[in-house]
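In order, the protein sequence lines correspond to chains Z and V. Counting from 1 along the first sequence, just add 385 to a position and that's the residue number in this note's numbering. Counting from 1 along the second sequence, just add 2 to a position and that's the residue number in this note's numbering.
Derived from the structure by calculation, the hints contain no laboratory data. A hint or two may mislead.
[Unchecked claim] Derived DEER-like restraints, expressed as beta-carbon distance ranges:
#: 1; chain 1: V; residue 1: 113; chain 2: Z; residue 2: 397; range: 25 to 31 Å
#: 2; chain 1: V; residue 1: 14; chain 2: Z; residue 2: 393; range: 27 to 33 Å
#: 3; chain 1: V; residue 1: 78; chain 2: Z; residue 2: 390; range: 29 to 35 Å
#: 4; chain 1: V; residue 1: 20; chain 2: Z; residue 2: 456; range: 45 to 51 Å
#: 5; chain 1: V; residue 1: 30; chain 2: Z; residue 2: 431; range: 24 to 30 Å
#: 6; chain 1: Z; residue 1: 439; chain 2: V; residue 2: 40; range: 42 to 48 Å
#: 7; chain 1: Z; residue 1: 397; chain 2: V; residue 2: 111; range: 40 to 46 Å
#: 8; chain 1: Z; residue 1: 390; chain 2: V; residue 2: 87; range: 44 to 50 Å
#: 9; chain 1: Z; residue 1: 403; chain 2: V; residue 2: 54; range: 45 to 51 Å
#: 10; chain 1: Z; residue 1: 399; chain 2: V; residue 2: 74; range: 46 to 52 Å
Only a predicted model underlies this, so the values are computations on that prediction, with no experimental measurement involved. Think of the CB as a built atom: it goes at the ideal place given N, C-alpha and C, for glycine as much as any other residue.
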Amino acid sequence: AQSVTQLDSHVSVSEGTPVLLRCNYSSSYSPSLFWYVQHPNKGLQLLLKYTSAATLVKGINGFEAEFKKSETSFHLTKPSAHMSDAAEYFCVVSDATGANNLFFGTGTRLTVIP
Amino acid sequence: EAGVTQFPSHSVIEKGQTVTLRCDPISGHDNLYWYRRVMGKEIKFLLHFVKESKQDESGMPNNRFLAERTGGTYSTLKVQPAELEDSGVYFCASSMSLAGGYTFGSGTRLTVV
Chain Z
386 AQSVTQLDSH
396 VSVSEGTPVL
406 LRCNYSSSYS
416 PSLFWYVQHP
426 NKGLQLLLKY
436 TSAATLVKGI
446 NGFEAEFKKS
456 ETSFHLTKPS
466 AHMSDAAEYF
476 CVVSDATGAN
486 NLFFGTGTRL
496 TVIP
Chain V
3 EAGVTQFPSH
13 SVIEKGQTVT
23 LRCDPISGHD
33 NLYWYRRVMG
43 KEIKFLLHFV
53 KESKQDESGM
63 PNNRFLAERT
73 GGTYSTLKVQ
83 PAELEDSGVY
93 FCASSMSLAG
103 GYTFGSGTRL
113 TVV
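Looking at chain V on its own, in the form it has when it is part of the complex (with noise of 0.2 Å):
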């Protein structure tokens, strides 16, 4: 089974610039996180899918951030304009149900310079 893919695995771009993360949940998962872990603080939920519509999206920082999931399948981040403040490493999570334990993927790492 493949697990959870996230790309790019690094990114570096200016501020102000337009970034676009995706996540490949594992396959007949309903359940897609987002989370964030900003330089020396704890990972943080940014907001949860359930299949195409957004369940939760009380983590994201401001209208920055529109993440969407189209078809239910894969999911998409985007950051526009990037702010500084946005570095960090954003992960992305699936499962299968609620009470199912969640799988992560390996991180996008996001440097604004």
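Chain Z on its own, in the form it takes in the complex (with noise of 0.2 Å):
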């Protein structure tokens, strides 16, 4: 079974300063994994997907994920946090047999404080 728990519901940050939003996953197969993220009152995102090819993934808008086995993680993180960044961000995870719904976390809010 296929599920993504993500460990903050809401993360404060400085505008400058690093972004980490933390998800560890379980899948029963190798997963690809996404972080999608959703602004005030528009649609869901891609920010940047996983698929078994390099580990760490670059997105847009600066965001980057690591994908790391060993500890059944894909944080995504941004090294300079601007304020067009605050909104809510979803750590989703969809296996690789044919079945292709996804699987969501219960999202993290980003709030980039001036």
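Work from the hints to combine the two standalone chains into their complex.
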């Protein structure tokens, strides 16, 4: 079975400081992992995805995530937060067996303090 | 390219009424998905269409929910009769292939009072 745990429901950072949003996953198979972001009144936007290629995945807007199989983690990072990064972030897993529905974490709301 | 369009964006209905949500996927995307987020919970899968056929409806909560995709184009999700616990945000997504990325719509916020 697939599941995702986002360890923080809310993270606050100051503008210009690093961002770390934590995610641990559980999967019976080789997982595909994603981070999505939702800005207010917008749809879910794909930030990045891991599909068994390079373990360090670069996404849009300066975000990146590292797949660590030994730790079953897929944490999202960004070196320097911008005000426009304030949003809700979802870690998502999809197994690679062909069952293509996605399993979402409960979300982490990122606040950026000016 | 137009994205995934959902309407209405918001709907407030009384318990026992019927509501129909609509999703227009990206043109050419055979795969269409419905997801739902109830208050305070994670976003959960409801069902998956491939063209007009239901590929997987294991996430549908009960028989008050009926999804259709006439002609393999747009999809509707009907809730009849609506209950208080149906309140939440309903997302639609589409993709060209199973290996392809999903594009999500902005969601429909349903409030049942």
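Now for the hints, and whether the structure bears them out:
{"no.": "1", "hint": "113/V with 397/Z: 25 to 31 Å", "in the structure": "holds, 29 Å"}
{"no.": "2", "hint": "14/V with 393/Z: 27 to 33 Å", "in the structure": "holds, 32 Å"}
{"no.": "3", "hint": "78/V with 390/Z: 29 to 35 Å", "in the structure": "holds, 34 Å"}
{"no.": "4", "hint": "20/V with 456/Z: 45 to 51 Å", "in the structure": "holds, 48 Å"}
{"no.": "5", "hint": "30/V with 431/Z: 24 to 30 Å", "in the structure": "violated, 18 Å"}
{"no.": "6", "hint": "439/Z with 40/V: 42 to 48 Å", "in the structure": "violated, 36 Å"}
{"no.": "7", "hint": "397/Z with 111/V: 40 to 46 Å", "in the structure": "violated, 25 Å"}
{"no.": "8", "hint": "390/Z with 87/V: 44 to 50 Å", "in the structure": "violated, 24 Å"}
{"no.": "9", "hint": "403/Z with 54/V: 45 to 51 Å", "in the structure": "holds, 47 Å"}
{"no.": "10", "hint": "399/Z with 74/V: 46 to 52 Å", "in the structure": "holds, 49 Å"}
Hints 5, 6, 7, 8 from the earlier list are contradicted by this structure; the remaining hints agree with it.
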